[in-house]
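Asker: When you get a sec, could you build the whole thing from the sequences and use the hints?
Numbering (numbering that gives the first Met the number 0), first residue to last: 0 to 240.
Simulated from the structure, these hints should not be mistaken for lab results. Each residue gets a CB set at the ideal place from its N, CA and C atoms; glycine is no exception. Careful: at least some of the hints might be erroneous.
Computed beta-carbon distance windows for the label pairs [unchecked claim]: (1) Leu200 with Ala170: 12 to 20 Å; (2) Pro174 with Asp117: 17 to 25 Å; (3) Ser206 with Ala86: 20 to 28 Å; (4) Arg160 with Ser206: 25 to 33 Å; (5) Glu87 with Asp117: 32 to 40 Å; (6) Ala66 with Arg90: 14 to 22 Å; (7) Cys212 with Arg127: 48 to 56 Å.
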Amino acid sequence: MQWILCENLLTPEVFARYNPAFRGLAAQCRKPGARAQDAGKVWRSGVHQGFARQRGVQRVRSVNFRAFDLFAFIRGGEQVSGSLGLAEMPRLLAEQAADVSTDAGNLFRWRMQGVMRDEAVAAGQSPRQRLFVDLEVGGAVWLQCQRCLHAYEQPLSVRTRLEVVRSESEADAAPLDDDEADVIVGSRDFDLISQIEDELLLALPVSPRHETCPDAVEPEAVEAEKKPSPFAVLANLKTKH
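Answerer: Set out below in structure tokens:
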């Protein structure tokens with residue numbers, strides 16, 4: 000599993016708020032004399048267990064971003080970033096060119112920020128609370144060029160704002176002309192990895208192609224060579240008569 004950089008999570012209690020797996024760790028850190036840096040051991044090899052505070056930032060391992068509380072994450076105004084291998088996204092992997100090794104090592108780096116906003120409604124009513132996540136993903140995948148049929152590396156970049164609602168009915172009721180954000184249904188066991196994969200799939204080109212195919216001859220040029228010139232045909236007719 001890749002390391003996740005969790006910014007603003009300055010105490011284990013804050014992190015445990017949206018990841019139940021760390022509630023025991025939070026309790027451990029509340030013991031008299033316990034320090035945050037004692038909850039995890041930092042190895043010289045760079046492998047961390049638990050977490051360690053470094054310049055106001057905590058590095059957290061074992062964060063299950065396939066099932067975490069997205070609502071608590073947003074309300075806490077949290078920010079996380081990390082990386083994913085292509086093998087962790089099987090639907091995107093299926094789009095990769097067949098002649099490319101599955102362990103090509105492509106790494107996708109991502110970052111997500113929770114945003115909460117209150118909006119005024121009718122007089123006498125409580126403000127409407129809207130929840131958002133700002134998601135950025137970058138990486139590349141090897142695709143098959145539809146022109147020359149050779150593999151090429153296609154950069155993928157996603158930068159989007161998603162509004163998070165609680166149910167499918169809320170999502171269906173969202174105005175279609177709202178260009179600010181696409182709407183997704185959140186949960187307390189939200190699968191962020193699948194959401195990242197969805198966004199990358201949407202970013203794939205409809206017709207994958209090299210900008211310029213290596214050592215390729217344009218099909219139009221080939222057809223032009225095969226098709227005889229009408230002027231040449233007329234010249235041949237004149238010589239026969």
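Asker: For every hint, state whether the structure bears it out.
Answerer: Each hint, compared with the structure:
1. For the pair leucine 200 and alanine 170, the supplied restraint of 12 to 20 Å holds, since their beta-carbon distance comes to about 19 Å.
2. Distance hint check: the CB atoms of proline 174 and aspartate 117 are about 18 Å apart, consistent with the given range 17 to 25 Å.
3. Our hint of 20 to 28 Å for serine 206 and alanine 86 holds, since their Cβ atoms are close to 26 Å apart.
4. For the pair arginine 160 and serine 206, the beta carbons lie near 28 Å from each other, so the given range of 25 to 33 Å is met.
5. Roughly 36 Å separates the CB atoms of glutamate 87 and aspartate 117, a value that falls within the hinted 32 to 40 Å.
6. Between alanine 66 and arginine 90 the beta carbons are some 18 Å apart, a value that agrees with the proposed interval 14 to 22 Å.
7. A hinted range of 48 to 56 Å holds for the C-beta pair cysteine 212 and arginine 127, which are about 52 Å apart.
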